[in-house]
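Assemble the whole structure, with the sequences as input and the hints as a guide.
So for the sequence shown, our numbering puts the first residue at 2; every next one is plus one.
Everything labelled a hint here was simulated from the structure, so no lab data went into it.
Hints may be right or wrong, so weigh each one.
In the EDC-like style, the derived pairs of lysine to aspartate or glutamate whose C-alpha atoms are separated by at most 16 Å in a straight line are [what the hints assert, rightly or not]:
{"id": "1", "residue 1": "K123", "residue 2": "D162"}
{"id": "2", "residue 1": "K149", "residue 2": "E172"}
{"id": "3", "residue 1": "K218", "residue 2": "E17"}
{"id": "4", "residue 1": "K25", "residue 2": "D134"}
{"id": "5", "residue 1": "K149", "residue 2": "D134"}
{"id": "6", "residue 1": "K123", "residue 2": "D32"}
{"id": "7", "residue 1": "K188", "residue 2": "D206"}
{"id": "8", "residue 1": "K215", "residue 2": "D32"}
{"id": "9", "residue 1": "K215", "residue 2": "D177"}
{"id": "10", "residue 1": "K149", "residue 2": "D131"}
{"id": "11", "residue 1": "K195", "residue 2": "D206"}
{"id": "12", "residue 1": "K120", "residue 2": "D134"}
{"id": "13", "residue 1": "K180", "residue 2": "D162"}
Cβ pair distances, simulated, as ranges [what the hints assert, rightly or not]:
{"id": "14", "residue 1": "S116", "residue 2": "S220", "range": "37 to 47 Å"}
{"id": "15", "residue 1": "S205", "residue 2": "Q231", "range": "15 to 25 Å"}
{"id": "16", "residue 1": "G175", "residue 2": "K120", "range": "15 to 25 Å"}
{"id": "17", "residue 1": "G133", "residue 2": "H228", "range": "16 to 26 Å"}
All of these numbers come straight from a predicted model, not from anything done at the bench.
We treat Cβ as the ideally placed atom computed from N, Cα and C, and that holds for glycine.
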Amino acid sequence: MPLITFNGPIGAGGPEIGLEVSDKLQIDYVDRLILAEAAKRIGATVQAVAGKEHKLLRTTDRLGKFVQNLLERSAMSGAGGEPYFGPGIEILISRDYYASNTEEPITETSNLTDSEFVKVTKSVITDLSDGGDVIIIGRASNLILADKPGVLHVKVVAPFDQRVSTIMTREHLGYDEAKTFVEEHEKARTSYFKRFFEVDPNDSDNYHITLNMKNLKISTAAAIVAHAAQDI
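Set out below in structure tokens:
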């Protein structure tokens, strides 16, 4: 089984498709929120290193062993090892595109530079990909893993109004709020890709397949990706 990355504008359906593909192929699914929830348990993971029982909080049934290993290394290095994997990692790895386009500190004690933010993002995604077959959502993961063999890179797009409608439902927003949300998030996403990777996030050359969700059901899109994954 391959590794699969999903990227695309917010509201297009990438996370939803990724979850269904995860179920179909029985491989792990990781997005920034799942990583953040796992990282919050670094303290519990330290106990696990000492041989005590622990259980990571998971939003799927298969938050893989590779995440646990990543967090164990993070916990053990927090006292003076790798400076990018210490306490507060859950804030960093859950940082959204917005945070990379502002000079405001993430927290009072964690005001990381943009270069540090990108370094951490690359390290986390690389560690995840080295750990086994996994679906990774967003974070320019297609570019970070561009040279890694056995990875399927998927771009998911959808008409603007469809994406706004999705965000209205997902975030419980009115039309105007959802429209602004989508517009601002897309500006931030574009800035993130261009600023840190010097590419247009919508450039199809950086993906193996593009799914236009205008007339596709999530289940159909998932079936397409699952089938394409067999060729990687």
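Results of checking the hints against the structure:
Pair hint K123 plus D162 does not hold up; C-alpha atoms about 32 Å apart against a cutoff of 16 Å. In summary, the hint linking K149 to E172 is not supported, as the alpha carbons are separated by about 35 Å, beyond the 16 Å threshold. As the CA atoms of K218 and E17 are separated by approximately 10 Å, the hinted pair is consistent with the 16 Å bound. Between the alpha carbons of K25 and D134 the distance comes to roughly 13 Å, so the proposed pair stays at or under 16 Å and holds.
Between K149 and D134 the alpha-carbon distance is near 13 Å, which keeps this suggested pair within the 16 Å criterion. A hinted pair counts as satisfied when its Cα atoms are at most 16 Å apart, and K123 with D32 qualifies at roughly 14 Å. Using a Cα cut-off of 16 Å, the hinted pair K188 and D206 is violated, with the two alpha carbons roughly 20 Å apart. For the proposed pair K215 and D32, the alpha carbon gap of about 24 Å is over 16 Å, so the pair is violated.
Annotation: proposed proximity of K215 to D177 is violated, straight-line Cα distance about 21 Å (limit 16 Å). Only pairs whose Cα atoms come within 16 Å are accepted, and K149 paired with D131 is accepted, the gap being roughly 10 Å. Using a Cα cut-off of 16 Å, the hinted pair K195 and D206 holds, with the two alpha carbons roughly 15 Å apart. A C-alpha spacing of about 22 Å is found between K120 and D134, which places the hinted pair above 16 Å, so the restraint is violated.
Taken as a hint, the K180 and D162 pair is honoured in the structure, with Cα atoms around 8 Å apart against an allowance of 16 Å. Distance hint check for S116 and S220: the Cβ-Cβ separation is about 41 Å, which falls inside the suggested range of 37 to 47 Å. Distance hint check: the CB atoms of S205 and Q231 are about 22 Å apart, consistent with the given range 15 to 25 Å. Hint check: G175 to K120, Cβ distance near 38 Å, so the stated range 15 to 25 Å is violated.
The hinted range of 16 to 26 Å is satisfied by G133 and H228, whose Cβ atoms lie roughly 21 Å apart.
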